[in-house]
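Residues per chain, in single letters:
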Amino acid sequence: MSTITRRHFLTTTIAAGTGLLGVPALGTAQGKEIVMLGIWPFTGAFADVGPLLDRGMRLAIDEWNNKVIGRPIKYITRDDETKASSATRRMEEAIDSEGVKIVIGPWSSGMALACTEVAKRRKVFYYFSGGTEDIAGKRCHRYAFNWAASPYTAMHVVVDNYMRLNPTHKRWYLFVSDFAFGWSVEKYTREAGSHHGIEFVGADRMPLGTREYSGFVSKAAAAKPDVLCLLNAGQDVLVSIREAHNFGLAPKVTLLNSWGVGTEDFLQLDPKTRENFWVGTNAYYGMNTPVAKKMTEMYQAKYNVPPGYAPCAAYGMTRLTLRAIEKANSAEPADIVKALEGWETQDWPGKVWVNPKTHQTVRDYMLLRCKKPDQMKHATDFADIVAVSGQPTMPDSMNECKDIGSL
Amino acid sequence: MTEEAILRTEGLTCDFGALRAVNGVSLSVTPGTLHSVIGPNGSGKTTLFNLISGELRPTGGRVYLEGRDVTGVASHDLPHLGLARCFQRTNVFPKLTTYDNVWVAAFSRHTPGALGFLKRASDFASVDAEARRILDAVGLAHKVAAPAETLSHGQQRALEVGVTLASSPRLVLLDEPTQGLAPEATQHMTRLVQSLVGRYTILLIEHKMRIVMSISNRISVMAFGELIAEGTADEVRDNRDVQRAYLGTRR
Amino acid sequence: MNVAFFAGAILNGLVTGMLYALMGVGLSLILGLLNIPNFAHGVLYALGAYVMISAGKAFGFLGGALTALAVVGLLGAVIEYFGVRRLYRVHSDYILLLSFGLSLILTESIILVWGPVGITSQPPAFLTGGIDLGVTVYPKYRLAVMFITTALVLGCYLFVTRTRYGAILRAGIEDKDMAAALGINIRRVFTLTFAVGTGLAGLGGALMSPVRGLLPTMGIDILPFAFVVVVLGGLGSLPGAILAGLLVGVVQSLMTAIWAPGADASVFALMTLGIIARPQGLLGRR
Amino acid sequence: MFEGRPGAFLRFVLLLVAIVALPLAVRPVVASEIWIFSIAAMALNLIFGYTGMLSFGQATFFGLAAYTSGLMMIHWHAPLLVVLAAGTLVGALAAAAVGYVCIQRVGTYFIMLTFGFNQMFFFIAYKWTAVTGGDDGLPGIPRPPLALGPWSISLETSVRYYVFVAVVFLLAFYAMKRIVDSPLGVIFQSIRENPVRAAAVGYDVKWYKWIAFTLAGAFTGFAGVLYSMMFGIVPLESISWIISGDIVFMVLIGGIGNLYGPLLGAAAFKWLSEAISVLWNRWPLILGVALVLVVLFLRGGLVEAFARIRGAFGGGGGRRDADEGVPVRVGAEGEART
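Protein chains in written order, with the working numbering: chain A, 1258 to 1664; chain B, 7 to 257; chain C, 2 to 287; chain D, 551 to 888.
For reference, chain A alone in the conformation it holds in the complex (with noise of 0.2 Å):
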């Protein structure tokens, strides 16, 4: 007895008929227009980064105005919401909808490992700013660049230049963030470190995004080190500096963050908690270099707050990219890449060297200490420039690109 119940409906399948709903039109004019994604985080760990890095890139792009080699520019961002799933799916989609050839960002490294894949998959141009030595290493691939000092040369710097104005701080204590940045500065502060005798008596590693750094520091305590190094990122750093200063270990034990972004941090933090905070980063606005100078006029003309690293180094990636797209008089990403190996120029960072074996800018890094509260010259007159310096090179032979791979 099949009578025709009522559960015997006709399903109209959702699928087919959700999909003719106006979905973003597949693949947009191709035309003229070259497309610029910018991916960055709006939500999640590092959610107060993306907008200054969003800014840095506009910066850049408002400096051209919005065109080059006489086609316009489309700039688009996308959230990669700090997390790699997300980060992928956006690129992959930003590529087939609106046809991107050249993405720069995101801002951590977890998500760079991500995005890297997708560009050698899907051949475009890819240029990151961060602490992982894999992209300009292990993962290293024709198409992917790394904006940022090698983390062999910027631990170098901080360490070489932090024991020799305080040769007596043997014992170290780190906190290291973990993930594939944390990982990577953590192996090469060891590294400096053994040249000068440095004793790591005890190294903690906790996810990114961790608020609760109490036994963490009450553990440190206990190790009565010379120096904290905070190897950690994004709100974790601050999290850090206060429970440090809450649990009477600051100032006695000095902290250092050796890659730090610097001015959002300073700006966060008040000034007697700054004093004596020394920080290791790829870009602070007091660098002299003429690009430096004019970028923070025109960040502080729009922002009146000076840039930190992040938005810096989004400025610094997209102009070095438009540079090449004008030396290579095209935006296809085969042509940047082969434009930008091997260049030598004057840009953000003073004088930057495109190394064309591992695509890693070879460039310099900067040590800064924040001056004690009645030093500051004026409210965002943060720190003094301990050390600005590009040496040591990572050797050759420590590098894990062996073969950059071809277009």
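Among the hints, a few may not be true.
[Stated by the list, open to error] DSS-like mimics (lysine-lysine), calculated; alpha carbons at most 30 Å apart, straight line:
| no. | chain 1 | residue 1 | chain 2 | residue 2 |
| --- | --- | --- | --- | --- |
| 1 | C | K141 | A | K1481 |
| 2 | A | K1559 | C | K58 |
| 3 | A | K1395 | A | K1324 |
| 4 | C | K141 | A | K1529 |
FYI, nobody ran anything at the bench for these hints, they're computed from the structure.
On the provided structure of chain A, position chains B, C and D as indicated by the hints.
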């Protein structure tokens, strides 16, 4: 050795904390008969049923089913040993169709082996036939495709019995099948229960005295968790203890 | 690993433990009522912290915390009145999914109103900095939070077990139909219970904001641990939730000190063992 | 296969149409994701819709299988079919182990146990950075070619991968249909409807719950492997309770207790989140609102919505269904095996 009683309990006891709901009940049921258990509310009848059917674990005493000690055996094993029970409050599968209700009970006795599960449910002709036979027997043949929850109260009681019979048991425990039924439906249910005698041994809990007296071969009377009398309908009717138990004067 | 180190770890464990207890008590009240885990509980904790930040600017620390308690409690009442109440007669899984939907809405709303960026909040002036306890230096604010949350949890426990209204509440949780039959306006009891439960979560967020700082996802990070506390303590049992809260807090803190990677996973292993070993929880009945 | 049941045949044809039409409507990557998550949603539906157990930890099996297959492909360059089999096996074994513990409890305890186990495995994956890559996920997963005897078909492009995913989805769908149409289907539903009576008629309820949980783990693991190959990375999110929540979301939005509900739910969820996420960063807000509305007003999900729409437009010969008034419209698989 062929045990003459299909079901035998020895000193069956069950405590809920301080309350002793069933106290040392020893009862035996002769195969092929309709054995009723009566007693005022709260005398422990349903608890006795739950002890026999494995719903509750007894705190003392033994239960023998066809000579095998089944005390404390899990309730899902008993149907495979020949015992099936129906519940005082209708306890069927509301969203499943009437047919599926009976079919699933019939299938549980059917041992398809591992590969059998790959076959489509509609491929089991023998189970299908068994389910239809029972649906006809309980008068629900015309309600095959209707979900059980849409049946009237009377029809649901009939389905309750149908699902119980579907496990093709040898001993059937019926817990107040006529509960809450209108007079006309009660008669229908009584005829149904009577039609089962002979093919199954029946242990019945029933409040309506006129029915119990007319259809029972043997009656056990319980009060305050204890067995106070047992015998044929006439013996029980004249027994002073039974009257006192029902009239509420304490012994 | 010297004494100072363990003392610090234990104290931290007690602070987080009391927070978990506070969250557990709120969750337990609602859980006892609805027999489902309230997935929105975490976000209400976060909302409390954010309301505290805004209100704190105007009314100071204490005023901010009380505003948080009131606002989140009120929101809890609204959620119960307009949403949960319609689902009492329906399968409890739907209430769970309603709370899951609400957690999505509230998290995104927090981001819309207060922005995605993490905010750090300072404790009141007289509670900043550390105090030397001889054994170890320990932040004054954390000690203060520990005492406040202990007082709150005990207050709540006494309210539920000693007062007349508490008895009505427990009757409602035990058997809502019977309680209604006895003439208790069960509707109002449930709305108020829900409000108290959520209010406690909001207050927990407000008090913990200076310790942990604010992030829109802070609620989601703490929710799993609040569940463990409730399940370990026994469904609907307040003393159980308090005991379990302290246990989980201390175990997590000690594990962080000894073998940090295993800290969080060990808490869930604790829950699983707990349920298998003592099915109804440490002090639970059902 | 559909002898005498036109409704079922019609639905299957519509499914085939959807499989062909989908990549035209949405990007192939999203279309593949829809079918991958349909498998995971079907698996949860077997436990939740059919057997009545709401598991909030399906991501445990999804993630474990994804990591296992990812590692096999990265380190041993294992072939495609081996990896799919391995992922399914891992999903099943993990589900058997976790399931055995969880089914000892029912209701809220069961939900929280599945959630607890999910969190435990999440934190293990989160901290075991050497193997799983921790927070950054496991990148660099190749997409091995489909080796069938002499032929070796590359799946590099997203369209080819879509075709492959659609075909294996159909196999998974057919397998699930056989399970649901087999006696297991009815037994699971009887356990959902009334576990006490199911035991009383002779079924060891825990044993069958365990079978359902393990089968679902196998399907979920299978989906996890397909997911790992799609983006070439296993993100930490694949084992986090967010994915568990999404899968529950899909089953509920689509409509539980029926084979096609989860497919509708997965399609609606993935398409909705893809379309909106590009337009508005706060898209989960809309999903939250959708979930609240479904729970309050449309508990049968899309399946019921279609039934109502169809009913409103003169539902043909179907007589008014007597249970219209019943608050819970859990649309049980309606075909009576007549």
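Hints and how they fare:
With a CA separation close to 22 Å, the supplied pair K141 of chain C and K1481 of chain A stays within the 30 Å bound. The suggested pairing of K1559 of chain A with K58 of chain C holds, with an alpha-carbon distance near 28 Å, which does not exceed 30 Å. Between K1395 of chain A and K1324 of chain A the CA atoms are separated by roughly 35 Å; this puts the pair beyond 30 Å, and the hint is violated. The suggested pairing of K141 of chain C with K1529 of chain A holds, with an alpha-carbon distance near 19 Å, which does not exceed 30 Å.
The earlier numbered hint that this structure contradicts is number 3, and it is the only one.
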